[in-house]
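Student: Residue strings, one per chain:
Protein chains: 2
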Amino acid sequence: MNMFGKTTKLLVATALVAGLATTDAMAKKVYKWKLATTWGPTLSPFIDAPKKFAAMVEEMSDGRLKIRVDASNKHKAALGILDMVKGGQYEMGHSASYYWKGKDINTLPLSTMPFGLTTPEQYAWFYYGGGKELTQKVYAPHKVLSYPGGSSGNQMGGWFRKEINTVDDLKGLKMRIPGFAGEIMAKLGLTVTNIAPGELYTSLERGTIDALEWVGPGMDINMGFNKIAPYYYTGWHEPGLDLQFLINEKAFNKLPKDLQAIVETAMKAAAHDMYLQNYHMSAEAWASIEKDYPNIKIKTFPKEVMDAMKKVNLELREEMKAKNPLLKEILDSQEAYQKKARKWTEMSDYLYLKDNL
Amino acid sequence: MNMFGKTTKLLVATALVAGLATTDAMAKKVYKWKLATTWGPTLSPFIDAPKKFAAMVEEMSDGRLKIRVDASNKHKAALGILDMVKGGQYEMGHSASYYWKGKDINTLPLSTMPFGLTTPEQYAWFYYGGGKELTQKVYAPHKVLSYPGGSSGNQMGGWFRKEINTVDDLKGLKMRIPGFAGEIMAKLGLTVTNIAPGELYTSLERGTIDALEWVGPGMDINMGFNKIAPYYYTGWHEPGLDLQFLINEKAFNKLPKDLQAIVETAMKAAAHDMYLQNYHMSAEAWASIEKDYPNIKIKTFPKEVMDAMKKVNLELREEMKAKNPLLKEILDSQEAYQKKARKWTEMSDYLYLKDNL
Numbered sequence: 001m002n003m004f005g006k007t008t009k010l011l012v013a014t015a016l017v018a019g020l021a022t023t024d025a026m027a028k029k030v031y032k033w034k035l036a037t038t039w040g041p042t043l044s045p046f047i048d049a050p051k052k053f054a055a056m057v058e059e060m061s062d063g064r065l066k067i068r069v070d071a072s073n074k075h076k077a078a079l080g081i082l083d084m085v086k087g088g089q090y091e092m093g094h095s096a097s098y099y100w101k102g103k104d105i106n107t108l109p110l111s112t113m114p115f116g117l118t119t120p121e122q123y124a125w126f127y128y129g130g131g132k133e134l135t136q137k138v139y140a141p142h143k144v145l146s147y148p149g150g151s152s153g154n155q156m157g158g159w160f161r162k163e164i165n166t167v168d169d170l171k172g173l174k175m176r177i178p179g180f181a182g183e184i185m186a187k188l189g190l191t192v193t194n195i196a197p198g199e200l201y202t203s204l205e206r207g208t209i210d211a212l213e214w215v216g217p218g219m220d221i222n223m224g225f226n227k228i229a230p231y232y233y234t235g236w237h238e239p240g241l242d243l244q245f246l247i248n249e250k251a252f253n254k255l256p257k258d259l260q261a262i263v264e265t266a267m268k269a270a271a272h273d274m275y276l277q278n279y280h281m282s283a284e285a286w287a288s289i290e291k292d293y294p295n296i297k298i299k300t301f302p303k304e305v306m307d308a309m310k311k312v313n314l315e316l317r318e319e320m321k322a323k324n325p326l327l328k329e330i331l332d333s334q335e336a337y338q339k340k341a342r343k344w345t346e347m348s349d350y351l352y353l354k355d356n357l
Numbered sequence: 358m359n360m361f362g363k364t365t366k367l368l369v370a371t372a373l374v375a376g377l378a379t380t381d382a383m384a385k386k387v388y389k390w391k392l393a394t395t396w397g398p399t400l401s402p403f404i405d406a407p408k409k410f411a412a413m414v415e416e417m418s419d420g421r422l423k424i425r426v427d428a429s430n431k432h433k434a435a436l437g438i439l440d441m442v443k444g445g446q447y448e449m450g451h452s453a454s455y456y457w458k459g460k461d462i463n464t465l466p467l468s469t470m471p472f473g474l475t476t477p478e479q480y481a482w483f484y485y486g487g488g489k490e491l492t493q494k495v496y497a498p499h500k501v502l503s504y505p506g507g508s509s510g511n512q513m514g515g516w517f518r519k520e521i522n523t524v525d526d527l528k529g530l531k532m533r534i535p536g537f538a539g540e541i542m543a544k545l546g547l548t549v550t551n552i553a554p555g556e557l558y559t560s561l562e563r564g565t566i567d568a569l570e571w572v573g574p575g576m577d578i579n580m581g582f583n584k585i586a587p588y589y590y591t592g593w594h595e596p597g598l599d600l601q602f603l604i605n606e607k608a609f610n611k612l613p614k615d616l617q618a619i620v621e622t623a624m625k626a627a628a629h630d631m632y633l634q635n636y637h638m639s640a641e642a643w644a645s646i647e648k649d650y651p652n653i654k655i656k657t658f659p660k661e662v663m664d665a666m667k668k669v670n671l672e673l674r675e676e677m678k679a680k681n682p683l684l685k686e687i688l689d690s691q692e693a694y695q696k697k698a699r700k701w702t703e704m705s706d707y708l709y710l711k712d713n714l
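Residue numbers (my numbering), protein chains in the order written: chain A, 1 to 357; chain B, 358 to 714.
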């Protein structure tokens, strides 16, 4: 029998095919992840950010990392995202850092702070002013990674049933307003609560709350709040709310380097895209108010009210700082950055806008 | 001889290794690209955007797409980027669209326009207001693709040797100011020129020009202009300059889908990063002016001068529109978008800043 007989040739061919298949499987090891969001399935643009992120990751990885995005109606735990990512039920989450202030107060200022940084200032602080390192310090004990998840831009101050002329008008109101702004409002005599997005309208309709802030015209008007609470106030409390991508640290460390880079870059692109989408939606919605929603009354809080909020803001910041060293470190860092960056914001965008409205 | 004898085993093993190597080479086909920039090798943050872009692409593609970034000292054609990408000497470029207005007037408004869109407005217009489609229309005849390359934010109005109090003070000055702003200045009696970044300081020092605008404090102060021309004016003419990534269409079409997605996403992340880096550098530099550069005199153009610029701006826009149908389409689209979005910019960021400076 010839050494290079038929059987041998067949064997070699089979081995080659097997070799190809094996390498292909190796090169193509598919990771399947799940991502839980705080948002309902149609809550644009918040829900779009993780969806676009997942699509980018799948395309860039040629299908090697597939991420299933679950809206809140699927997992039924809109405000339980951090726990689920920590516990590993979900490899990723999309939510907002200040929702975890009850579990860990240091998570609070990573979203936004009343009278704080605007969107470009907040992002410049995160990437170039030490924010990233402080964020890692906050989330390291939770064994999760936290990255910017998209900015809502400067938010509106909320919807009220009646006009607010004095600080006394605020007293006794029940309001949905999360984060530190909620604490300021509580100090001013309101009863403050956080409610998951899907239950906001019903809560307002049933009188569980008298007022609420949500985001801005692009998202608010779709929710129908204006039908019940037509006084719509401009913002002070969330000048640059940044949402949040959460990743289970162990899951992230298991990815090869190229997939890690793909995840990180896709988060950046999706976060910025959400800001633009929201800007666009707000511009469109604002333009429609005059024509389509003549009952909406646009207001700015009077100076007396704004001054009271600012005073309480400073007092509460100092109280919190005294009790929490890491929180103090973060707030001091943000405050120093704001002082520096706000001067530039004034000389560039503010002065330009002042002359071009 | 046993059918599964030594020789056969060896053959099979060799075939397996060969199989692995072949597939690995297939999966690992490496594309090597070159990218030419208008910027010198140390011109941060402009030069950093394409460098970070290339690094992200290489990491995400696991080395399958390597992009060499050439600064202007390498290719010696700072203002020849479009031609080199068109001609295929470079697969990519990083520059600014309005540098090509002499070749194709329609490229002009894709960078920024005097009294036009701010950075978030410009990006929202590009991705959600029809800008992307219009950009494709402009660049299709050149067989290149053009994407946002990073915003400088709201630029400063420039450095002057003497104070500008009236429109007459402008007359006869020789100024480096590119784009449409240059045409406005020409109409107001200045002699206007564009000069590549590397020659700006020398031109000012030798008196080839009397004044120049460059970017903003973060980049300007490093250039030393203040030593010669200490009057530093706030901006009107480039409220949201967006740089530009250019890609040779044929080269892009040769990439597999996953690498195309990697290129697109990396451009988005690098562009936004540049905006933040520049914001940070400007904030830092602005904070240093008072302390380190007491000779710099910060000024805003007086109302008489600003009104004259606005008047000429409107006149020249109408003249250009009458001559160029596609340019008219772009300018009309931007103007309509600005009207809508500016109202939202006013209600959100502007009102907030007004109360928090």
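Note that these hints are calculated values from the structure, not bench results. Just so we're clear, the structure is a prediction, and the values are computed from it rather than from any experiment. Errors might be hidden in some of the hints.
[Claimed, not checked] Pairs of lysine to any residue, SDA-like flavour, derived with a Cα cap of 25 Å:
| hint | chain 1 | residue 1 | chain 2 | residue 2 |
| --- | --- | --- | --- | --- |
| 1 | B | K697 | A | Y293 |
| 2 | B | K697 | A | E346 |
| 3 | A | K354 | B | Y588 |
| 4 | A | K28 | B | G420 |
| 5 | A | K343 | B | K648 |
| 6 | B | K648 | A | K303 |
| 7 | A | K343 | B | V669 |
| 8 | A | K303 | B | K614 |
| 9 | A | K291 | B | Q617 |
| 10 | A | K32 | B | K614 |
| 11 | A | K66 | B | P613 |
| 12 | B | K389 | A | Q260 |
| 13 | A | K28 | B | F472 |
| 14 | A | K66 | B | E415 |
| 15 | B | K656 | A | Y147 |
| 16 | A | K51 | B | Y588 |
| 17 | B | K711 | A | E315 |
| 18 | A | K52 | A | L255 |
| 19 | A | K250 | B | D419 |
| 20 | A | K343 | B | P613 |
| 21 | B | K697 | A | N222 |
| 22 | A | K28 | B | N610 |
| 23 | B | K711 | A | L331 |
Student: Provide an ascending list of the numbers of those earlier hints which the structure does not satisfy.
Tutor: 6, 7, 8, 9, 13, 15, 16 and 20
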